[in-house]
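Using the sequences and the hints, build the whole thing.
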Amino acid sequence: MTITLPHGFPHARLRELLVGVLFALLIVTAVTITLLALSPHLPIEHVTIVYLIPVIVAALRWGAIPAIVAGISGIAAPAFFFYAPIYDFRVHSPAQITDIVMFIIVATITGRMAVTVRHARMRAQAENLRDALIGSVSHELRTPLAGIIGSTSVLAHSPAIEDDEHLSSLVRVVQKEAGRLDGDIQNLLDATRISNEGIKPHLEWVDPEDIINGALARKRSLLAGREVTRAVADDLPLAYVDPTLIESALGQLVENAAKYSPPDTQISVSAAQHRDMIAIEVVDQGAGIPAGEAEKVFERFYRSPRHAASTPGSGLGLWIARALVEACDGRVRAFAGVGRGAIMRIDLPVRPQPAADEDVDE
Amino acid sequence: MSDAPTVLVIDDEPQIRRFLRAGFDLAHFTVLEEETGEAGLRTATLRPLDLIVLDLNLPDMDGASIVERLRGWSTVPIIVLSVRASDADKVRLLEAGADDYVVKPFSMAELLARARTALRRQARGASGEPVVKIGHLSIDLSARAVFRDGVRVVLSPKEYRLLQVLAQHAGNVVTHNILLKEVWGARHMQNSHYLRILVRKLRRKIEHNPKQPRILVSELGVGYRLAGGPDSD
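If you read the protein sequences in the order shown, they are chains W and L.
Just add 42 to the spot in the first sequence (first one is 1) and you have the working numbering.
Just add 1031 to the spot in the second sequence (first one is 1) and you have the working numbering.
Keep in mind that the hints were calculated from the coordinates and are not lab data.
Keep in mind that the hints are not guaranteed to be accurate.
A partial selection of chain W residues facing chain L, derived with a Cβ cut-off under 8 Å [said to hold, decoys possible]:
id, residue
1, 192
2, 199
3, 224
For each label pair, taking beta carbons as the anchor points, the in silico distance ranges come out as [unchecked claim]:
id, chain 1, residue 1, chain 2, residue 2, range
4, L, 1123, W, 219, 30 to 40 Å
5, W, 259, L, 1128, 21 to 31 Å
6, L, 1067, W, 57, 48 to 58 Å
7, L, 1099, W, 260, 23 to 33 Å
8, L, 1212, W, 176, 52 to 62 Å
Quantities reported herein were computed from a predicted structural model and do not represent experimental measurements.
Ideal placement from N, C-alpha and C gives every residue a C-beta, glycine not left out.
Next up, the structure:
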């Protein structure tokens, strides 16, 4: 895989600009010729209105500078060809001067709007391209990674390596890093899937306890050596959600807690019913989240300035978690924490519980 | 189980086949390899096998149809290698007759654990051994009796039926649909909450800590399995 840097970048930009200016002038010329051809047959009083067309087209297609060129020539052309004295740039009639002033105002406003539209469109294209690129690159990376993870797992248990302390510690490093890489790639894939296809949840009745146990089992290696407490209320109602989605969302919260709190501190996971919500909470003993960041941490690619340099991360995990939970009509929030540490909470709506099995079973 | 069980690996990716061969070799399996579904099916008819490891994404055939064709004449345990985010695929394969699945990327230890479970189940089925032991629990399928730490546990008919179906596949996943059909009958296949509630009740009777089940474990979005003791889940 090679990525070529656009080293001729300023040059290409200049050429693009010149092409834009040239086309803007061409359109103005075309408009002028058309108007000159029509003027003997068609009484057009406010010709300047027609010259808004080149301004808007240039702003949409080529940006601000070609649009300004189109605007200036759009004043010059009527002044020269249509407003008395003809074939002279001077304009005498107050009505025509008003025309030109109005043109400048309207052209400036619509031109600016058109440039904004153009930027938005370019940004959307760039985002689509980025998502497509991330998607295909991640997929390409996964296949060799499956080979790496599988092969090192064989190496780790082969007698020659098991007996050698240095070699086995190296194999463990490869295993751990490959696992982390796999998690990152999975996040990228999830994120592109969410923004391209949206999420289609498969809702079913599920015991919230199974979701919590599933998420903690999945993150077991990450939690190794830590004290993890779970407090799940008795007789929690069943939740009507996509269990796989909520499990991965909770997994993201647990992973986040593990990442941003000292490795020897406790993480607690609890679940209880609060009125019409099942609340699943992950609490760590880390530095906590400043109140101003409690919402920001769920933004796509957001990395807190407090960790951006010290802890690796993509800024995707919590954004994914929120998207997954919201797809099941739940919500995720972060709280600063009363003493120390961050509190992350998933709220799942309590639905009317389904009718029990009416058959006698005793 | 014979001394050196024979495993057939059907996978089109050479690097995956290579580590599977090395891993199974180290675990004293005899390894056969095929790259395509067609070739895999052919080998399965020609050679006596103890286990098939089947990749889901083969270039020539759909995984489920390979499983269905194998099940046409063979009861050899099949473990499927699948990718993540495809619960529906896993369910389809299990219901087509696959015994279990592992999700890529996976470690050899994980696959070997699943393989040994499948081989054990096959051997138990062949010998007609009526008692299934999982951790502190033993289930006597012929006497319809369940013992927890040696003490008989009283189960309701449905609780017993659920445990019985899981015990018949001990160690392997049984899908929600199959459990619903076996315990309540085909017309209750939609009532997945019956199963959730019955599982809760059953866990209270058979688990040491029903909130962190070690025996009756859930495979979210797919089904349940009876795991073997505290070290496997």
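Here's how the hints hold up against the structure:
Given hint, residue 192(W) at the interface with chain L, holds; its Cβ is 4 Å from that chain's nearest Cβ, closer than 8 Å. Annotation: residue 199(W) was flagged as interfacial toward chain L, and the flag holds, the nearest CB pair being 7 Å apart, inside 8 Å. Checking residue 224(W) against chain L: minimum C-beta separation of about 6 Å stays under 8 Å; hint holds. Look at residue 1123(L) against residue 219(W): about 34 Å separates their beta carbons, and that is inside 30 to 40 Å.
Checked against the given bound of 21 to 31 Å, the beta carbons of residue 259(W) and residue 1128(L), roughly 27 Å apart, stay inside it. Checked against the hint of 48 to 58 Å, the C-beta distance between residue 1067(L) and residue 57(W) comes to roughly 51 Å, which is consistent with it. Judged by the Cβ atoms, the range 23 to 33 Å given for residue 1099(L) and residue 260(W) holds: they are separated by roughly 31 Å. Between residue 1212(L) and residue 176(W) the CB atoms are about 42 Å apart, so this pair departs from the stated range of 52 to 62 Å.
When each numbered hint is compared with the structure, a violation occurs for hint 8 only.
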